[in-house]
Amino acid sequence: MRRIFAVALGILTAIGGFVDIGDLVTNAIVGSRFGLGLAWVVLVGVVGICVYAQMSGRVAAVSGRATFEIIRERLGPRAGLANLGASFLINLLTVTAEIGGVALSLQLATSVDPLLWVPVAAFGVWIVIWRARFKLLENVTGLLGLTLIVFAVALFMLSPDWGSLAGQALQPGPPADEQMSTYWFYAIALFGAAMTPYEVFFFSSGAIEEKWTEKDLATSRANVLVGFPLGGVLSIAIAGCAAVVLLPASIDVTSLSQVVLPVAEAGGKLALSFAIVGILAATFGAALETTLSSGYTLAQYFGWSWGKFRRPAKAARFHLAMIICIFVAMAILATGVDPILVTEYSVVFSAVALPLTYLPILIIANDREYMGDKVNGRAMNLIGSVYLVVILVAAIAAIPLLIVTGAGS
Amino acid sequence: MNDPHRPAGRVLDAHLHILDRQVLDRDGVPVTTVDDLELDGIEPGAPIEPDAPPPTVAAILTGPDLATRIFGGRPPESRHIRIPWKLVSEVGTTIRLGITGYILDATWTERWVSEHIIARIPGGRHDPE
Amino acid sequence: MILSDLLGSEVVDAAGHHLGALIDVRLEISGAPHQLLAETVVVGILVSPHSRTSTWGFERRGANAPAIIARPQHWLHRGMFLIAWTDVAQIDEGRVTLRDGYERRDPVLASTAHPH
Amino acid sequence: MPESRRGRSKRAQALAPLLALTIVLSGCSSPASTFDQAIGQGVAAVETARIAVDQQLDDRIFPTTTITALGDARRELVDASTSVSETDTSTESDAALRTDLLEALALGVTGVNRARDAMGGTGSLEDAVPALERASDALEALEERATEAEGARR
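Residue numbers (UniProt numbering), protein chains in the order written: chain A, 1 to 409; chain B, 1 to 129; chain C, 1 to 116; chain D, 1 to 154.
Calculated from the structure, these hints are not laboratory results. The C-beta atom is built at its ideal place from N, Cα and C for all residues, glycine as well. A hint or two may mislead.
[Said to hold, decoys possible] Under the rule of at most 16 Å between Cα atoms (straight-line distance), these lysine to aspartate or glutamate pairs were calculated in the EDC-like manner:
1. K269(A) - D54(D)
2. K86(B) - E38(B)
3. K86(B) - E39(C)
4. K269(A) - D59(D)
5. K215(A) - D113(A)
6. K135(A) - E210(A)
7. K374(A) - D216(A)
8. K86(B) - D40(B)
9. K211(A) - D27(B)
10. K135(A) - D127(B)
11. K135(A) - D40(B)
12. K269(A) - D58(D)
13. K374(A) - E214(A)
[As the list claims (entries may be wrong)] A few chain D residues facing chain A, derived, Cβ under 7 Å:
14. V43
15. Q55
16. L57
17. V78
18. S83
[What the hints assert, rightly or not] What the simulated footprint calls covered on chain C by chain B, stretch by stretch (three residues with Cβ under 8 Å from a Cβ of chain B suffice, anywhere in the stretch; the number is not a length):
19. 45-52
20. 82-89
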């Protein structure tokens with residue numbers, strides 16, 4: 001019973017934890033411009049994050065080594081540092097976007113200027129990281145984030161023309177008024193939103209925080225293989241809602257208030273309150289995860305003592321680094337930059353940085369000195385190799401597409 | 001003793017198995033990463049006598065060695081932070097030391113940040129709730 | 001001497017012909033016993049004729065999975081060999097000279113499977 | 001934050017100088033494409049405001065969310081007007097389009113402002129509906145005109 005509960009909890013938190021500001025915004029934008037024409041990318045991204053998280057979770061559980069320790073060990077200090085720089089900056093952008101997302105969702109509930117909410121959100125993130133136990137932090141935000149299921153419910157309540165939605169999904173390609181390059185630009189953004197590296201840093205370091213062993217591998221596999229795909233379904237539902245309500249009114253999504261309009265349309269105030277709580281929890285949870293991830297990456301590269309299972313004074317540089325990150329994120333938001341825009345950039349750059357973080361995991365998952373007889377099987381290596389190519393292509397194409405499309409405008 | 005065909009002990013490659021790995025202390029607390037290794041018994045520019053004893057690993061280097069390994073150059077002799085190799089108890093996927101890391105030079109920044117900043121913030125010395 | 005000063009050095013034979021780059025140093029934990037671990041001695045150097053980059057361990061364990069990484073690695077480091085330390089005549093900055101009649105040995109590491 | 005945040009293309013330029021190059025490369029700097037983009041931005045904002053107002057009249061949405069949505073819509077409209085006013089034109093028809101476009105966007109701002117005022121207790125929300133409808137019609141007409149002009153240019 002206890003075990004079933006643990007698995008169920010893990011799956012639920014994985015669903016809630018999958019969706020963050022990046023998924024919310026990118027899916028809503030894509031839905032409002034392309035309908036479900038890019039739903040296949042979510043599918044590709046979800047399988048990718050399953051493969052990636054499953055491998056790094058297994059490496060962490062079997063060898064006790066977290067992802068960034070392995071990146072440095074296998075790629076050496078130079079490539080490792082380039083990787084750290086890129087991952088850390090993207091992480092910082094994501095922290096900024098998530099804290100901004102918390103402020104924006106509080107604005108939806110209060111209509112108070114988000115700039116005033118930023119310090120509150122930032123302090124909230126810090127105090128939870130400083131004081132709360134890892135398990136608690138993971139479970140509460142994950143479960144509250146589950147209220148985002150309201151987007152799936154709303155999609156049903158809108159009773160859309162399922163045939164035309166399916167048509168959009170099954171015949172991928174840009175609509176007449178959009179360019180091919182814009183279509184592919186958003187494909188990469190969506191891929192980056194689904195496969196953000198911070199999720200993997202957090203997942204593998206979390207395995208060590210919770211002292212996983214080989215016995216926990218089955219649980220971890222269930223979390224990943226059930227939780228992430230359901231999170232992907234949620235992402236498609238967000239895009240679907242935008243496709244049904246916003247696309248016909250030619251509303252290109254540029255703000256969070258537009259993302260929740262379809263939910264209010266379908267289910268009124270009750271549904272809207274679920275959506276706002278869900279967005280708040282998902283962004284707050286992701287703000288915690290990304291802040292922790294910036295601490296994890298730095299500490300693991302430099303060999304500092306890290307982890308929430310230690311008291312802060314025993315992982316001093318780790319905590320100091322996170323405090324600095326939160327301050328920098330606040331400073332960026334204080335310039336008045338739109339968090340939605342920061343989000344759009346962070347998901348694209350996530351796709352750019354992905355190959356260097358993915359490659360070492362694929363290598364170590366095959367290294368018997370680390371993994372004993374728990375190395376990748378043939379099937380896993382086949383799909384892992386396919387994704388290495390997919391990730392490389394997406395990373396190489398991202399920047400040129402960003403320039404050609406003017407960031408999708 | 002050093003015929004590679006008949007190894008007398010465990011054989012490993014310095015770059016592959018030691019460089020850039022985590023150094024943990026007796027209690028499993030991270031101390032640093034292996035930024036470089038110091039080898040004793042190699043005299044650059046001098047011919048090696050056929051019967052000279054082989055070089056040995058003297059110390060793990062950390063601190064400024066990371067920067068010089070990445071950007072080139074060499075830190076002054078006094079700036080090296082050394083962890084003598086004789087403190088190492090085990091070489092696996094990590095390098096384990098046989099002592100507590102808290103007293104080593106390699107952890108002085110951790111101690112400084114801990115004492116001067118983190119421990120002064122309320123709750124810094126307590127376990128999370 | 002620092003390990004990273006050795007890594008990447010050019011390796012030449014006694015006549016000065018280029019043989020490749022030093023990409024790793026082989027150690028053996030076998031010297032005089034210490035309190036915790038026996039002394040770790042240098043027993044040889046690994047030389048790759050075509051590349052100075054790291055092998056990510058693929059050459060030395062007969063590792064071949066996943067093929068998408070292993071194949072290019074095997075190709076990049078084709079013809080890699082091990083030189084016993086007793087065959088090394090002199091170390092200079094960025095250059096290692098071997099003795100006359102040095103022997104190219106098999107670089108594959110005996111399995112040291114040892115998860116944590 | 002709402003007043004200082006700007007519309008998509010403007011914000012992009014502010015975020016990274018690289019994007020200036022970007023926009024030149026993608027040909028966004030010609031009057032026609034600036035107008036196209038402004039029309040799209042205006043339509044999206046006015047339609048958002050209309051949905052939010054409808055939902056408010058139906059009592060399906062929290063007033064705080066309506067106010068936020070209206071604020072976001074106004075920001076987009078103002079931003080679109082700014083980028084249109086700052087565009088130089090080289091033909092009579094482009095200049096005329098600019099004038100009409102600015103007028104239509106101003107109609108949108110008027111409608112949104114009327115709705116915001118009503119949310120604050122001044123006037124009634126129903127009054128905002130016709131104003132927003134007029135803006136929507138005007139923008140739609142301009143959209144057709146811009147498409148025709150593009151056809152003529154080709």
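Each hint, compared with the structure:
1. K269(A) - D54(D): holds (14 Å)
2. K86(B) - E38(B): Status holds; Cα separation ~12 Å.
3. K86(B) - E39(C): Measuring from Cα to Cα gives roughly 8 Å; hence the hint holds.
4. K269(A) - D59(D): holds (8 Å)
5. K215(A) - D113(A): Measuring from Cα to Cα gives roughly 48 Å; hence the hint is violated.
6. K135(A) - E210(A): Holds, at roughly 8 Å.
7. K374(A) - D216(A): holds (13 Å)
8. K86(B) - D40(B): Distance ~13 Å between K86(B) and D40(B) Cα, so the pair holds.
9. K211(A) - D27(B): The given pair, whose Cα atoms are some 15 Å apart, holds under the 16 Å limit.
10. K135(A) - D127(B): With a Cα-Cα distance of about 14 Å, the restraint between K135(A) and D127(B) holds, given a limit of 16 Å.
11. K135(A) - D40(B): With a Cα-Cα distance of about 47 Å, the restraint between K135(A) and D40(B) is violated, given a limit of 16 Å.
12. K269(A) - D58(D): holds (10 Å)
13. K374(A) - E214(A): This hinted pair holds, its Cα atoms lying about 9 Å apart.
14. V43: holds (5 Å)
15. Q55: holds (5 Å)
16. L57: Since chain A brings no Cβ nearer than about 12 Å to L57(D), farther than 7 Å, the hint is violated.
17. V78: violated (13 Å)
18. S83: violated (11 Å)
19. 45-52: Answer violated; 1 residues pass the 8 Å Cβ test.
20. 82-89: holds (count 6)
When the structure is compared with the earlier hints, violations turn up for hints 5, 11, 16, 17, 18, 19 and for no others.
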